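*Asks:* Assemble the dimeric complex from its two separately framed chains, guided by the hints.
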Amino acid sequence: QKEVEQNSGPLSVPEGAIASLNCTYSDRVSQSFFWYRQYSGKSPELIMSIYSNGDKEDGRFTAQLNKASQYVSLLIRDSQPSDSATYLCAVAESGTYKYIFGTGTRLKVLA
Amino acid sequence: DVKVTQSSRYLVKRTGEKVFLECVQDMDHENMFWYRQDPGLGLRLIYFSYDVKMKEKGDIPEGYSVSREKKERFSLILESASTNQTSMYLCASSLPPGQRYGYTFGSGTRLTVV
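Protein chains in written order, with the working numbering: chain A, 1 to 111; chain B, 1 to 114.
Just chain B, with the same shape it has in the complex (with noise of 0.2 Å):
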């Protein structure tokens, strides 16, 4: 089974702090997603990668960042982490288009903002 991880479940940070969340993925897939997922608005893509140092904004990237520096992991960087980024993020990660397989994501990480 292919497996996406991510590092931590629950996470709770303060205003302005700089937070990473990692994504690891164990089966050579291409592309690599970050959403976020609140109630009522359903998952919100914040950036995708298509390969290893390619990466391409979401519908949301503002306040975001990512890094993909190798094949199995891609990182979720919050600059400076304001309260209305508490959510749960979720990392999934799929292989190309064509490929009629479906995302798998990983179990999330409920990230709270004080």
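Same shape as in the complex, but just chain A (with noise of 0.2 Å):
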């Protein structure tokens, strides 16, 4: 069974500090990978997507990825009390249609 790993948190950040989110994977042949937000009560929203290792930027997002060591990390940059939420992160599954979630992480910033 093929995984996604995050931590479930809370991650608390005071407001303007980078948050730092972290997700491993299991499936070495992955080539895809999402980062999403979602508030509570809300549905998915995707926010970052990432295909080579290294690092892709976004305005205050940073998405890093490093397949060697099956690692994907999303950086908040002056995080601010509006990205409190469940960060989501996704791999593609080699050879399938299908995504795999990890269960997410809690982010709360404190104004």
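Since the hints were derived computationally from the structure, they do not count as laboratory data. Since we're looking at a predicted model, the values are computed, not measured. For every residue, glycine included, the Cβ atom is placed at its ideal position computed from N, Cα and C. Warning: the hint list may mix true and false statements.
[As the list claims (entries may be wrong)] From the structure, some residues in chain A lie toward chain B, with a derived Cβ separation under 8 Å:
1. T24
2. S49
3. F61
4. G102
5. V109
*Replies:* Here it is, written out as structure tokens:
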């Protein structure tokens, strides 16, 4: 059974700090990786995708991928209270149409 | 923007009822998915479809069936609702593997079975 693992948190950071969210996966052949944000009572929303080793930046968000270590991370710079949500890591399962989701890390940004 | 629309935001059904959850997407996506989400268990795949009239079981298909008669519509059917099917149900659509867009989710249906 292929897996995606995340620390459930909550991860608490002060406003303005960098939040670092981590994810490990078991499928060595996976090529596509995603981060979703989910506010309480809402559906997940795609915020970042990454396919190559290294960093990908989009505004205050940076996704980092290390395929050798099977590790994906999301950095949120200048964290805001509005960033408080659960962040889901998803990995496209090799050879199928499916994505495998982690159970999510709950982030709390303290004003 | 891709839009995935789920027909109901909240539903309350009685045990034993047959329940239909509808999902429509407007971007000609081949793949559609039904998940349920429960606290502590994350997103669990019930069924998915990669083409009209094609379907495959996900990780927890027991007690559910699906229908995809048209490309844009994917229905989840609870044959005889039970209280352990009380959950948030999420529909998603995507382009095929190799297309790097991820899923687009609908707004979800919170189903309560009493």
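*Asks:* Hint by hint, say whether it matches the structure.
*Replies:* Checked hints:
1. T24: violated, 15 Å
2. S49: OK, holds: A:S49 within 8 Å of chain B, min 6 Å.
3. F61: Hint violated; A:F61 Cβ to chain B Cβ min 14 Å, cut 8 Å.
4. G102: holds, 7 Å
5. V109: The hint is violated - A:V109 has no Cβ within 8 Å of chain B, the shortest such distance being about 21 Å.
The structure is inconsistent with the numbered hints 1, 3, 5, although it conforms to all the rest.
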